[in-house]
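Colleague: Order-wise, the sequence lines are chains A and B.
To convert, note that position 124 of the first sequence is 124 in this note's numbering; the numbers rise steadily by one, no gaps.
To convert, note that position 133 of the second sequence is 1133 in this note's numbering; the numbers rise steadily by one, no gaps.
It should be emphasised that the hints constitute simulated quantities derived from the structure, not laboratory data.
Some clues are possibly wrong.
[To be verified] A partial selection of chain B residues facing chain A, derived with a Cβ cut-off under 8 Å:
id, residue
1, Thr1114
2, Phe1118
3, Glu1130
4, Ile1133
5, Ser1136
6, Gly1139
7, Ser1240
8, Leu1243
9, Ala1244
10, Arg1246
11, Gly1248
[Said to hold, decoys possible] Listed next, the stretches of chain B that the computed footprint assigns to chain A, with coverage defined by at least 3 CB atoms under 8 Å from CB atoms of chain A:
id, region
12, 1268–1279
13, 1307–1314
[Unchecked claim] Chain A regions said to be covered by chain B (calculated; three or more residues, Cβ under 8 Å):
id, region
14, 48–56
15, 79–92
16, 105–116
Note that the Cβ used here is the ideal one computed from N, Cα and C, for glycine as well.
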Amino acid sequence: MERTPYTEPFWAALADDRLLIHACEDCAERFFPPAPLCPACGSDAVDWEESSGRGTLYSVTRQHATADGFPDRIVAGVVELDDGPRILTPIDASYEALSIGDRVVVEACDYPHEYDRGRLESAPFFAATTLEE
Amino acid sequence: MVAGTAQLPNGTYSVPERDLAMTVVRDVLDDADIAPSAVDGLYMPSPRPWTEQKFFSTAMIRLLGIEADRTLEVSTGGTSGGKAFQAAVRDVQSGAVDTALVFAVERNSTVETTGPYFEYILQTFESEFESPIGMSIPGIYAQSMQRYCHEYDVDRDDLAEIVVKNRDNATDDPETLFDSAVTRTAVLESRPVAEPIRLFECPAPCDGAAAIVVTADPDVAAAVDDPATVAGIGSHHAASHHLASRHGSMTELSAVRRAASEASAAAGRSRDEIDVYEPYAPFPHVEAIVTEELGLVDRGEGVAACLDGRTAPDGEFPISPSGGCLGRGHPPMVTPLHNYVHAVRQLRGTASSQVPDATTVMTTSEHGHVNGVTATVFERGDR
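Please put together the full structure from these sequences, using the hints given.
Modeller: In structure tokens form, the structure reads like this:
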């Protein structure tokens, strides 16, 4: 019987400041979130791969209506990682300063909100910041 | 054949969902001119998680005294009503059921947006990697609106005209949430909800209920004065979850295209044979993209189609003459059924924004970020 959630290596690596994605050995697809089957070809020959976290801002919003436990405003968006997959992520930057196409890096950070993450309660989360390139 | 339709006015109700459901079911049975005992299939979207009554369909079955051969509660967000209806249609077509009752009920006035509603919405995201970010539904549609304007060089302010049109279409209908139209300026000056989306560009949550009866029973069908038929159904779910898809632009809503194509083919109707569209389009850029995915205009031309009047009730391909969920108010479990009710009104010639001589209407429902879609074609039957 499996005793460890499949995603556990991601959170363990994130606590060590490394961002992991998934790679398919059969079709070379890089994907996120991690799962035991490749969503492109269905192969189970998939494994963890470290990402640089660097990528390009694909879309961004500043959200004004938020849930209990979150600040009044949230800046978040989708980042297209250089390593392949897109990831929905908080963005630690001023909304006014952000544009589609900006270079960013997704990295580990302390989780700042009062949202019940269950078993991941004390795990770090991730956020994007802008890069000067 | 559609034997009857009913809806309660969108608004705020202080009675339990059960009471709204019993009222709208009584109304639809009246419209179909049948007793509850004629119903042998009951279908509904699962009520929202904050609804006190669970086992809702079972509670209703007892209250109505129905002996049902098929029952179904569907829980797939905004497509729930569409999937409940399509299951009813398939069961009637297969002969498993003679007369199917489909109804939906929802109260949003009982919850704070920041409380149980938001908690539920967060839980619809990927639980480990996305829910903790705190995104709302407008928060994800804001990003596709931004991308849409970016990719097709669309003037963001022009999107307000789709809201203006839909609010205008709904103004004369006393059963909608609003009793006045809005101006472009009012839309653009309403408060930001998730930039670039503003408040009047979000569908207003409200309470509501609607119902529709589908039958293959010749006795029930013979008593219908203004018959409408379900000519074709289609459905598709893209390989995506909210904004997350592996490839392609988030401004392409392929599930609309594929569900609509299937429904059109099943109805034997090409694009130019459909007179009216009542899509489930909760934000203005979604209506623009739906217009494109339906093949009515090229990509990036959906807003221009509205600006040019082509989507108006008297236009070349009327879209949301009822106002859609932006114009009518939006109880998401009920909105797909509202679209059916308004489609049937067009075919009966009783719509408040009537398209002259409408004989074929297509409706859609969607959930998530238009990840999953249903499409249904209704036609005027022989009198």
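Colleague: For each hint, tell me whether it holds in the structure or not.
Modeller: Checked hints:
1. Because the closest C-beta pair between threonine 1114(B) and chain A is about 5 Å apart, less than 8 Å, the hint holds.
2. Hint status for phenylalanine 1118(B): holds, given a least beta-carbon distance of 4 Å to chain A, under 8 Å.
3. Because the beta carbon of glutamate 1130(B) sits about 5 Å from the nearest beta carbon in chain A, less than 8 Å, this interface hint is met.
4. Contact between isoleucine 1133(B) and chain A, as hinted, is supported at the beta carbon level, the nearest pair being about 5 Å apart and thus within 8 Å.
5. Below 8 Å, beta-carbon pairs count as interface contacts, and serine 1136(B) has one with chain A at about 6 Å; its hint therefore holds.
6. Because the beta carbon of glycine 1139(B) sits about 4 Å from the nearest beta carbon in chain A, less than 8 Å, this interface hint is met.
7. Taking 8 Å as the C-beta cut-off, the interface hint given for serine 1240(B) is violated, the closest approach to chain A being about 10 Å.
8. Residue-level restraint check for leucine 1243(B) holds (minimum Cβ-Cβ distance to chain A is 6 Å; threshold 8 Å).
9. Taking 8 Å as the C-beta cut-off, the interface hint given for alanine 1244(B) holds, the closest approach to chain A being about 6 Å.
10. Interface restraint check for arginine 1246(B): the shortest CB-CB distance to chain A comes to about 6 Å, inside 8 Å, so the restraint holds.
11. Checking glycine 1248(B) against chain A: minimum C-beta separation of about 10 Å lies over 8 Å; hint violated.
12. Only residues whose beta carbon comes within less than 8 Å of a beta carbon in chain A count, and the region 1268–1279 of chain B has 0; fewer than three means the coverage is violated.
13. Given a C-beta distance limit of less than 8 Å, the hint that chain A covers the region 1307–1314 of chain B is violated, as 0 residues qualify and 3 are needed.
14. Check on the region 48–56 of chain A: 0 of its residues sit with their Cβ under 8 Å from a Cβ of chain B, so the three-residue criterion for coverage is violated.
15. Note: the region 79–92 of chain A has 6 residues with beta-carbon separation from chain B under 8 Å; the three-residue rule is met and the coverage holds.
16. Note: the region 105–116 of chain A has 3 residues with beta-carbon separation from chain B under 8 Å; the three-residue rule is met and the coverage holds.
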